[in-house]
Amino acid sequence: MSGARLPSRIARRGLTLIEALIASAILLMSVLALTTALAAGQAAAIEGQKLLLGAMAVDDLLSELWAENFNDLPKYHNATEPVGGIISLDGEPYPDAFWMLGRRVEVTSRDIKSAKTGVLVRGVVVRVTVFDADRDLVSAELFIAEPGES
Amino acid sequence: MRAIPFIQRGRAGVTLVELLLAIVITAMVSLGVASMMTTVATVTEADREARSALLRSLAVREALRAYLEEALAVLQVSADGSSIAVWLEDDLTPGCANLLEVRVLTFDADEGTIVASRVEAPDAWHPVQKQALNIIMAASGDIFGTFEGFEPLGMVKSTTLAAGIADVEWALSSANPREARRARLRFDLLAPAPVDADPAEVPTTAMLVAFGLPEHRSPVR
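Here the protein sequences line up with chains S and G, keeping their order.
Going by our numbering, the first residue of the first sequence is number 5, and it counts up by one from there.
Going by our numbering, the first residue of the second sequence is number 148, and it counts up by one from there.
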């Protein structure tokens with residue numbers, strides 16, 4: 005029988021199990037990648053908010069301590085407010101937005117000699133550090149000169 | 148003419164069951180993706196609002212800090228705690244707070260703003276008239292009432308320090324404002340909202356800012 009072709013039986017063209025599994029795996033990986041990216045973005049946003057709130061909390065306490073009586077400053081050395089428990093010097097609690105932050109104060113004596121005039125200025129350095137449950141976030145210090153005798 | 152052989156092809160289409168199954172799976176996956184996208188959009192919006200509130204809060208703090216950390220003393224707090232009068236400088240009559248040395252920080256509830264006001268004499272006035280205007284603000288005087296009195300004369304100049312605020316409350320470290328070395332402001336920031344939104348429905352973020360008055364000295368009168 006020359007030139008005659010047998011009827012070809014074409015296989016069913018549905019998905020095999022392996023193809024379905026590969027498709028599922030690709031879909032799963034895509035969702036995982038998206039979720040990971042979103043989680044990372046969210047973590048970065050929270051970190052940014054913490055740093056901003058931390059800077060505010062540092063500023064506030066430095067400002068309050070700056071107005072304190074100079075001789076009372078050493079008593080704040082090593083004063084620590086736990087995470088979620090920061091309050092103003094007058095005892096007013098901070099709002100919920102600050103729940104993830106704590107604060108610590110260090111007061112150390114420091115004398116500064118002016119290179120130009122040779123005048124010695126006695127004072128203290130007040131350092132305020134804001135931290136969260138894991139690490140220190142923001143820190144700033146302020147030199148407060150001892151008031152002259154009036 | 149040779150007859151074309153009939154080729155019996157395999158089933159090339161899909162059955163109704165397969166089609167339905169595919170539709171159901173596609174719908175489930177689409178629902179999952181849509182749900183995830185909605186969550187992402189909600190979280191992103193919440194983040195954006197929180198960040199906006201923080202940045203605006205920072206702006207409010209810096210604007211007020213410029214006044215408070217330079218101030219010599221807080222002279223008065225309004226009865227509702229929403230406004231304070233601060234003694235900013237001591238140029239005339241040393242040790243006494245004169246009218247032109249005072250700034251009033253007022254909360255305007257209708258506009259949702261914090262406004263700094265000062266009394267300013269018209270340029271055309273003679274120096275003697277200006278000096279006469281610069282009266283000493285005694286402890287017993289009503290500074291807010293005095294400022295209100297100058298308002299209709301167009302002699303009160305105002306600067307808006309902050310906007311988008313729902314409520315404020317000042318507190319001091321001492322019952323006598325003139326003795327206070329520290330001040331605190333608790334305020335509620337309004338989230339960004341359409342102009343026609345009901346203010347009562349707009350969410351707020353509570354914030355607190357604490358100030359020291361490092362230059363503090365009480366006026367002698």
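Bear in mind the hints are in silico, worked out from the structure with no lab data behind them.
Any given hint could turn out to be false.
As the list claims (entries may be wrong) - To list a few chain S residues with every Cβ distance to chain G over 12 Å, as calculated:
1. 34
2. 49
3. 79
4. 81
5. 87
6. 108
7. 124
8. 136
9. 138
10. 145
To be verified - If you want the footprint, here are the derived chain S segments under chain G, 3+ residues with CB under 8 Å:
11. 23 to 33
12. 126 to 132
Glycine is no exception: its CB is placed at the ideal position from the N, C-alpha and C atoms.
Is it the case that residue 81/S keeps its Cβ farther than 12 Å from each residue Cβ in chain G?
holds, 18 Å
Run the C-beta distances from residue 49/S to all of chain G and say if the shortest one exceeds 12 Å.
violated, 5 Å
Non-interface claim for residue 108/S versus chain G (Cβ beyond 12 Å)
The claim holds: residue 108/S sits with its nearest Cβ about 16 Å from chain G, beyond 12 Å.
Is residue 124/S truly not at the interface, in the sense that its beta carbon sits beyond 12 Å from all beta carbons of chain G?
holds, 22 Å
Please confirm whether residue 145/S is truly not at the interface, meaning its C-beta sits more than 12 Å away from all C-beta atoms of chain G.
Nearest chain G Cβ is 15 Å from residue 145/S, so the label holds.
Beyond 12 Å from every chain G Cβ: check whether that's true for residue 138/S.
Holds, since 20 Å exceeds 12 Å.
Minimum Cβ separation between residue 136/S and chain G greater than 12 Å?
Consistent with the label, residue 136/S stays out of reach of chain G, its closest Cβ about 16 Å off (over 12 Å).
Could you let me know if the closest chain G CB is still more than 12 Å away from the CB of residue 87/S?
holds, 17 Å
Check of the segment 126 to 132 of chain S against chain G for coverage (Cβ-Cβ below 8 Å, three residues minimum)
violated (count 0)
Was residue 79/S rightly flagged as not at the interface, with every chain G Cβ beyond 12 Å?
holds, 16 Å
Separation of residue 34/S from chain G, once the least beta-carbon distance is taken, above 12 Å
The claim breaks: residue 34/S does not keep its Cβ more than 12 Å from every Cβ of chain G (closest is about 10 Å).
Can the segment 23 to 33 of chain S be counted as covered by chain G under the rule of three residues or more with Cβ-Cβ separation shorter than 8 Å?
Contact hint for the segment 23 to 33 of chain S vs chain G: violated, 1 residues under 8 Å.
Of the numbered hints listed earlier, those contradicted by the structure are 1, 2, 11 and 12.
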